[in-house]
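Q: Letter by letter, the chains look like this.
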Amino acid sequence: MRRQLYRALALGALAVTAVLAIDGIVHVLAAQTPFGGARPPMNEQAGGIIGWLLAKQSEFYREMSSTIRAAKTDGSAVWALLAISFAYGIFHAAGPGHGKAVISSYLVANRETARRGIALAFVSAMLQSLVAVLIVAIGAWLLNITAKTMCGAEKVIAIASYGLIAAFGARLVWTKGANFIRALQVHPPAPALALASVSVSHGHVRHDHAGHDHASHAHHQHSHFDAHHDHSHDDHGHAHAHDHDHTGHVHDEHCGHSHGPLPSELAGPGGWRRGLGAIFAVGLRPCSGAILVLVFALAQGLFWAGIAATFAMGIGTAITVAAIAVLAVSAGGIARRLSGASDGSGALIMRGIEFAAAGLVLLFGVGLLTGYLFAEPLTCLQSIL
Amino acid sequence: MKQAPSRLIGWLLVALFGMFGSTAAQAHPHVWITSTSELMYAPDGSITGVRHAWTFDDMFSTYALQGIESKKKGVYTHEELAPLAQTNVESLKEFGFFTFAKADGKKQKFEEPVDYFLEYKGGLLVLHFTLPLKTPVRPKVLALEVFDPTFFVDFKLADKDPIRLVGAPEACKFDFQRPNDGAASAQALGEQNFTDGGNVNFGAMFANKITVTCP
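Which chain is which? The protein sequence lines are A and B, in order.
All residue numbers for the first sequence refer to my numbering, where the first residue is 1 and numbers rise by one.
All residue numbers for the second sequence refer to my numbering, where the first residue is 1 and numbers rise by one.
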């Protein structure tokens, strides 16, 4: 039990350390380039971490235009541009927004693995970059439409994205709500349980529970499709209650952590399609910063550099989002272990958390859609254009 | 052990709400404006309005010019930029033109902008426009702030002569504070302001404060 907890905590700490380390490296890299220029003093009064993040990303963002200009005459400046864009991506995503909250909530709601969280973060960030590139390539490069028209396109895409988040959240709420209600009805509440596939045979899990500790089951369910939870609930709810083996974590570690990403895990029930909804919902909306950089690069005759910068930004964004997703998954894992170790009501609590996380996804979608949560208040610069 | 989950859930909720609430503070600048402003005085010494000249940063200038036709490549006349200028001032209305005036502590209202045009200079767009006060005032202290409360636009007073008084009585003096001045730090907002979702005045800490005193 305790080892699990430490492991989860260590994982979270590692993620944060990784982000900080990467920042340090990037900063050094960027500082070494001749194009960095004098860094403006940080905005000290923009209090605390968020102020620092804001100052940082502004700093990197502002360096992008001068670096793109420099790249016109000096090809090596492109490396500096990539480093700056990457750093910008990391800091930009560290501020709230960018689907990070949606992805994290989704992961907690679905009890997904950290691995899947990282994959989701990367694929959605890459999609986001691709959408930005496509908008500018088609809009500005091929059709030469005005920024104002491009704005309209962005707006439509943003609304579609928010709508998808809301729909996605609604679906999660529906399934998680059903689970939660079922957990409420089955009293004593059923522990979180799913069909295990990886190292525990089906028959074993389904019919021979007594020998298993709760934690191991809880762990396996990471890799399984929702539909399976639903069954397992109905089928086995009672069999489990109060049947805990606190030393069971050894077993848990074995089957929970030691195996790599088995093909069956990624391609398993639902497979990649399982995350597609989240990827599309989050990745559809491009970030204004990327669009600006792309248009600027295009005007400088260096569109390809803009595209490279956009994807570098995307990778940076993905790293931050992935780190936060891992934190969310770890937090969910700790909660699951703690609640699993208490008594039968633990499962109910977990169902409650999942339900709440599902509700958050829906709230985000509705909030964004109605404008209450609009992350960037001036929709794609519309206030000025 | 039974206590632990609920406490943990409490923490999780705090964390989630932190993320949720702070989404509102996502704002960060995508546009930089270097501003110079003139305060316009009537012969009787009352202030009639503010005339701004806002220079956009190069990235945004390029973005705004995307798709705008010009007869000569790289040269844009005021006429060619007129539709864009029109859109600018119309859109800025919703944001109160990022200009906030108080005469002796009393909020002042502005009329629709007049005499506006865009100028293309050295690769940058400069938006010129005049904001007439609804009613000319003759206060002892006029406080003028130029900033975007949502901090999507980062305003910076020009290095040289950011403020000018045009036709003001001789005794009038002006002073200004840039957001980077230590003086503004008194306004610093703590983390709490970010997480409680109230980002309405978030940009205030980046405000450029201009004070004109006439005895």
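Wrong hints could be hidden among the right ones.
Claimed, not checked - Listed next, the in silico DMTMM-like pairs over lysine to aspartate or glutamate satisfying Cα-Cα at most 20 Å (straight line): (1) K121(B) to E145(B); (2) K148(A) to E38(B); (3) K155(A) to D44(B); (4) K93(B) to E69(B); (5) K121(B) to E69(B); (6) K148(A) to D44(B); (7) K109(B) to E80(B); (8) K73(B) to E119(B); (9) K93(B) to E145(B); (10) K160(B) to D175(B); (11) K107(B) to D159(B); (12) K121(B) to D175(B); (13) K148(A) to E111(B); (14) K155(A) to D104(B); (15) K121(B) to E170(B); (16) K134(B) to E119(B); (17) K134(B) to D159(B); (18) K109(B) to E119(B); (19) K148(A) to E145(B); (20) K148(A) to E94(B); (21) K148(A) to D175(B); (22) K140(B) to D44(B); (23) K156(B) to E170(B); (24) K156(B) to D44(B).
Stated by the list, open to error - Per the computed footprint, the stretches of chain A lying under chain B, defined by three or more beta-carbons under 8 Å from a beta-carbon of chain B, are: (25) 56 to 64; (26) 126 to 132; (27) 285 to 295.
As the list claims (entries may be wrong) - Chain A residues, not near chain B, derived (Cβ > 10 Å throughout): (28) A160; (29) R182; (30) V186; (31) A299.
Honestly, the hints are just simulated from the structure, not real lab data.
For each residue, glycine too, the CB sits at the ideal point set by N, CA and C.
Q: Which hint numbers does the structure go against, in order from smallest to largest?
A: 1, 2, 3, 4, 6, 7, 11, 12, 13, 14, 15, 16, 17, 18, 19, 21, 23, 24, 26, 31
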